[in-house]
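Produce the entire structure from the sequences given, and follow the hints as far as they go.
Take a look at the letters that make up each chain.
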Amino acid sequence: MTTTTAARAAQPTTDPAVSFENVTKSYGTVRAVDGLSLALHPGETVALLGPNGAGKSSTLDLLLGLRPADSGSVRLFGTTPREAVAAGRVGAMLQSGGLMEDVTVREIVALGCALHPRPYPVDEVLTRASLTDIAGRKVNKLSGGQEQRVRFALATAGHCDLIVLDEPTTGMDVTSRQAFWATMRDQADQGRTVLFATHYLEEADAVADRVLVLHQGRLLADGTAAEIKARAGARKIAFDLDGADPVDEQLLRALPGLTRFERHGATVRLQSADADETVHALFALGIRPRNLEVAGLGLEQAFIALTEEASK
Amino acid sequence: MNVLVKLEITRALRNKKYLFFTVLYPAALFLMLGGTLDGTTKVMGTELTMPAFYMVAMASFGALTAVLMGNSERIAKEREQGWVRQLRLTALPGRGYVLAKTASAGVLSLPAILAVFAVAAAVKDVRFDAWQWFALVGAIWAGSLVFAALGVAIGYLASGDTVRPVTMLFYFGLSILGGLWMPTANFPQWLQDICAWLPTHAYAALGQAIELGNAPHARDVAILAVYFVLFTGAAAWLYRKDSLKA
Numbered sequence: 000m001t002t003t004t005a006a007r008a009a010q011p012t013t014d015p016a017v018s019f020e021n022v023t024k025s026y027g028t029v030r031a032v033d034g035l036s037l038a039l040h041p042g043e044t045v046a047l048l049g050p051n052g053a054g055k056s057s058t059l060d061l062l063l064g065l066r067p068a069d070s071g072s073v074r075l076f077g078t079t080p081r082e083a084v085a086a087g088r089v090g091a092m093l094q095s096g097g098l099m100e101d102v103t104v105r106e107i108v109a110l111g112c113a114l115h116p117r118p119y120p121v122d123e124v125l126t127r128a129s130l131t132d133i134a135g136r137k138v139n140k141l142s143g144g145q146e147q148r149v150r151f152a153l154a155t156a157g158h159c160d161l162i163v164l165d166e167p168t169t170g171m172d173v174t175s176r177q178a179f180w181a182t183m184r185d186q187a188d189q190g191r192t193v194l195f196a197t198h199y200l201e202e203a204d205a206v207a208d209r210v211l212v213l214h215q216g217r218l219l220a221d222g223t224a225a226e227i228k229a230r231a232g233a234r235k236i237a238f239d240l241d242g243a244d245p246v247d248e249q250l251l252r253a254l255p256g257l258t259r260f261e262r263h264g265a266t267v268r269l270q271s272a273d274a275d276e277t278v279h280a281l282f283a284l285g286i287r288p289r290n291l292e293v294a295g296l297g298l299e300q301a302f303i304a305l306t307e308e309a310s311k
Numbered sequence: 000m001n002v003l004v005k006l007e008i009t010r011a012l013r014n015k016k017y018l019f020f021t022v023l024y025p026a027a028l029f030l031m032l033g034g035t036l037d038g039t040t041k042v043m044g045t046e047l048t049m050p051a052f053y054m055v056a057m058a059s060f061g062a063l064t065a066v067l068m069g070n071s072e073r074i075a076k077e078r079e080q081g082w083v084r085q086l087r088l089t090a091l092p093g094r095g096y097v098l099a100k101t102a103s104a105g106v107l108s109l110p111a112i113l114a115v116f117a118v119a120a121a122v123k124d125v126r127f128d129a130w131q132w133f134a135l136v137g138a139i140w141a142g143s144l145v146f147a148a149l150g151v152a153i154g155y156l157a158s159g160d161t162v163r164p165v166t167m168l169f170y171f172g173l174s175i176l177g178g179l180w181m182p183t184a185n186f187p188q189w190l191q192d193i194c195a196w197l198p199t200h201a202y203a204a205l206g207q208a209i210e211l212g213n214a215p216h217a218r219d220v221a222i223l224a225v226y227f228v229l230f231t232g233a234a235a236w237l238y239r240k241d242s243l244k245a
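Protein chains in written order, with numbering that gives the first Met the number 0: chain A, 0 to 311; chain B, 0 to 245.
The set of hints was computed from the structure by calculation and includes no laboratory data. Errors might be hidden in some of the hints.
What the hints assert, rightly or not - Within a straight-line C-alpha distance of at most 25 Å, the following computed DMTMM-like cross-link-like pairs (lysine to aspartate or glutamate) qualify:
#, chain 1, residue 1, chain 2, residue 2
1, B, LYS5, B, GLU72
2, B, LYS240, A, GLU82
3, B, LYS5, A, GLU123
4, B, LYS76, A, GLU100
5, B, LYS5, A, ASP122
6, B, LYS244, A, GLU146
7, B, LYS76, A, GLU166
8, A, LYS140, A, ASP172
9, B, LYS244, A, GLU100
10, B, LYS16, A, GLU100
11, B, LYS5, A, ASP69
12, B, LYS244, A, GLU166
13, A, LYS140, B, GLU72
14, B, LYS240, A, ASP69
15, B, LYS244, A, GLU20
16, B, LYS244, A, ASP122
17, B, LYS76, A, ASP101
18, B, LYS244, A, ASP33
19, A, LYS137, B, GLU79
20, B, LYS5, A, GLU100
21, B, LYS16, A, ASP101
22, B, LYS244, B, ASP192
23, A, LYS140, A, GLU100
24, A, LYS137, B, GLU72
25, B, LYS244, A, ASP69
26, B, LYS5, A, ASP101
27, B, LYS15, A, GLU166
28, A, LYS137, B, ASP160
29, B, LYS16, B, ASP160
30, B, LYS76, A, GLU146
31, B, LYS240, A, ASP33
32, A, LYS140, B, ASP160
33, B, LYS15, A, GLU100
34, A, LYS140, B, ASP128
Quantities reported herein were computed from a predicted structural model and do not represent experimental measurements.
Listed below in structure tokens is the structure:
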């Protein structure tokens with residue numbers, strides 16, 4: 000994780016697309032964002048993960064200039080968030096974004112295009128968001144998934160450099176979701192920075208080339224999905240103990256690299272940051288595990304392991 | 000921003016309830032209130048005939064309805080629904096939303112004024128010089144800006160649930176006490192003393208002065224100017240407070 004950041008820092012790139020420096024935001028006594036520092040670079044597709052209340056939405060609000068930070072600095076392309084938004088460099092799709100009532104889909108999308116300094120043609124935006132068929136429908140008569148597509152159309156009404164999406168596929172069915180990410184990959188391929196918060200970890204795993212894990216307003220992990228999995232105790236090891244071969248559980252618990260230990264009767268389930276070392280030590284104990292399985296963790300389990308560990 | 004103004008007007012024209020209350024209602028009310036008396040009786044406390052008095056009162060009332068209702072209720076609702084937040088993700092400057100709302104309400108208040116004038120001239124034979132008609136439209140239209148600012152302030156003060164009663168309180172209170180529905184000369188003296196300082200009273204007085212062939216009184220213009228500054232200041236303060244909450 001540090002390696003990628005260092006490698007990027009070494010490149011004499013222009014201003015980062017997004018930079019947070021020691022940003023803090025509290026609501027009353029609750030610290031929603033707590034000394035957050037991060038930098039996103041042009042062209043990256045970044046997933047923002049975190050349990051509910053981790054500060055994802057607050058972070059996005061600060062990033063988009065919807066709320067001011069208590070302290071620290073938030074910069075987009077070297078300018079303030081509001082300046083970047085006003086210059087049309089940011090396309091954002093928020094869950095909480097309401098829509099204008101009593102107007103048609105086409106009218107509201109046309110408005111989005113008209114308000115953008117570098118707009119795309121309205122028809123193109125409608126097509127990309129799969130809204131052409133319902134362009135004449137009133138905005139207040141749409142289903143949740145259709146509304147979500149209108150928000151997406153508004154976020155992509157013009158040429159922008161950073162796309163920010165908060166739970167973008169909520170309310171979409173599987174097909175729409177796949178089509179959505181295909182479009183997003185297109186956007187990223189054109190050099191745009193894409194930042195999305197999501198609850199679907201498989202999306203983060205499949206789409207993002209960098210994952211940020213937020214917990215209690217702090218950055219818990221920052222790296223590729225593979226790196227996050229490795230960091231969380233990337234491998235799970237499962238085996239059965241031979242009943243005829245009594246084992247001291249303390250010895251098992253002391254195996255190197257363990258991040259999690261579970262035992263149900265003869266079955267032992269482990270998570271390890273270094274599976275090779277763990278299995279080696281297991282055999283060194285003189286134990287003959289049966290049905291030994293060593294497998295990678297999904298990002299979801301890695302995520303749970305990481306946040307649980309941090310909560311302790 | 001022009002597109003936003005245009006879209007605001009389009010959707011307001013689609014909203015039949017809003018259209019009825021802003022454009023037709025004041026003209027209908029004029030016929031009801033001003034239609035029973037002949038054109039020669041002078042209204043108590045003024046030098047104006049009944050139809051002339053009610054024409055200005057109802058035109059002012061119509062303009063007030065258009066700008067106050069158009070701003071307050073929609074702003075409060077759209078704030079709650081997150082449309083305001085959505086707009087803040089566009090290049091539209093922060094004030095653009097409020098200005099577009101006010102501009103579109105201003106455009107819609109014009110037919111309200113003209114409808115009352117047309118009915119008054121056609122049905123009740125109200126006659127004035129050409130300059131008076133133009134001055135009336137101009138004064139009533141310009142004066143409505145004061146209430147547009149009040150509408151914005153209420154829109155940012157009230158929540159979606161409370162905005163209607165709050166608006167109604169201001170709407171009826173200002174209309175009745177300001178003498179838009181009936182001459183205030185019937186009120187007890189102590190109430191009249193209060194009424195004389197209300198923005199709606201000064202607002203109607205603008206038109207009444209023009210009807211009598213005079214320029215609007217400096218005192219009325221001054222009262223309206225003070226209220227405009229007050230309401231705009233409150234609206235700006237509430238708007239800024241709201242934008243910090245996202």
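Now for the hints, and whether the structure bears them out:
{"no.": "1", "hint": "B/LYS5 with B/GLU72", "verdict": "19 Å, holds"}
{"no.": "2", "hint": "B/LYS240 with A/GLU82", "verdict": "20 Å, holds"}
{"no.": "3", "hint": "B/LYS5 with A/GLU123", "verdict": "22 Å, holds"}
{"no.": "4", "hint": "B/LYS76 with A/GLU100", "verdict": "10 Å, holds"}
{"no.": "5", "hint": "B/LYS5 with A/ASP122", "verdict": "20 Å, holds"}
{"no.": "6", "hint": "B/LYS244 with A/GLU146", "verdict": "24 Å, holds"}
{"no.": "7", "hint": "B/LYS76 with A/GLU166", "verdict": "24 Å, holds"}
{"no.": "8", "hint": "A/LYS140 with A/ASP172", "verdict": "18 Å, holds"}
{"no.": "9", "hint": "B/LYS244 with A/GLU100", "verdict": "23 Å, holds"}
{"no.": "10", "hint": "B/LYS16 with A/GLU100", "verdict": "15 Å, holds"}
{"no.": "11", "hint": "B/LYS5 with A/ASP69", "verdict": "38 Å, violated"}
{"no.": "12", "hint": "B/LYS244 with A/GLU166", "verdict": "21 Å, holds"}
{"no.": "13", "hint": "A/LYS140 with B/GLU72", "verdict": "21 Å, holds"}
{"no.": "14", "hint": "B/LYS240 with A/ASP69", "verdict": "15 Å, holds"}
{"no.": "15", "hint": "B/LYS244 with A/GLU20", "verdict": "22 Å, holds"}
{"no.": "16", "hint": "B/LYS244 with A/ASP122", "verdict": "35 Å, violated"}
{"no.": "17", "hint": "B/LYS76 with A/ASP101", "verdict": "13 Å, holds"}
{"no.": "18", "hint": "B/LYS244 with A/ASP33", "verdict": "18 Å, holds"}
{"no.": "19", "hint": "A/LYS137 with B/GLU79", "verdict": "20 Å, holds"}
{"no.": "20", "hint": "B/LYS5 with A/GLU100", "verdict": "14 Å, holds"}
{"no.": "21", "hint": "B/LYS16 with A/ASP101", "verdict": "13 Å, holds"}
{"no.": "22", "hint": "B/LYS244 with B/ASP192", "verdict": "41 Å, violated"}
{"no.": "23", "hint": "A/LYS140 with A/GLU100", "verdict": "9 Å, holds"}
{"no.": "24", "hint": "A/LYS137 with B/GLU72", "verdict": "20 Å, holds"}
{"no.": "25", "hint": "B/LYS244 with A/ASP69", "verdict": "13 Å, holds"}
{"no.": "26", "hint": "B/LYS5 with A/ASP101", "verdict": "13 Å, holds"}
{"no.": "27", "hint": "B/LYS15 with A/GLU166", "verdict": "36 Å, violated"}
{"no.": "28", "hint": "A/LYS137 with B/ASP160", "verdict": "24 Å, holds"}
{"no.": "29", "hint": "B/LYS16 with B/ASP160", "verdict": "19 Å, holds"}
{"no.": "30", "hint": "B/LYS76 with A/GLU146", "verdict": "18 Å, holds"}
{"no.": "31", "hint": "B/LYS240 with A/ASP33", "verdict": "23 Å, holds"}
{"no.": "32", "hint": "A/LYS140 with B/ASP160", "verdict": "22 Å, holds"}
{"no.": "33", "hint": "B/LYS15 with A/GLU100", "verdict": "14 Å, holds"}
{"no.": "34", "hint": "A/LYS140 with B/ASP128", "verdict": "50 Å, violated"}
Going through the hint list in order, the structure does not satisfy hints 11, 16, 22, 27, 34.
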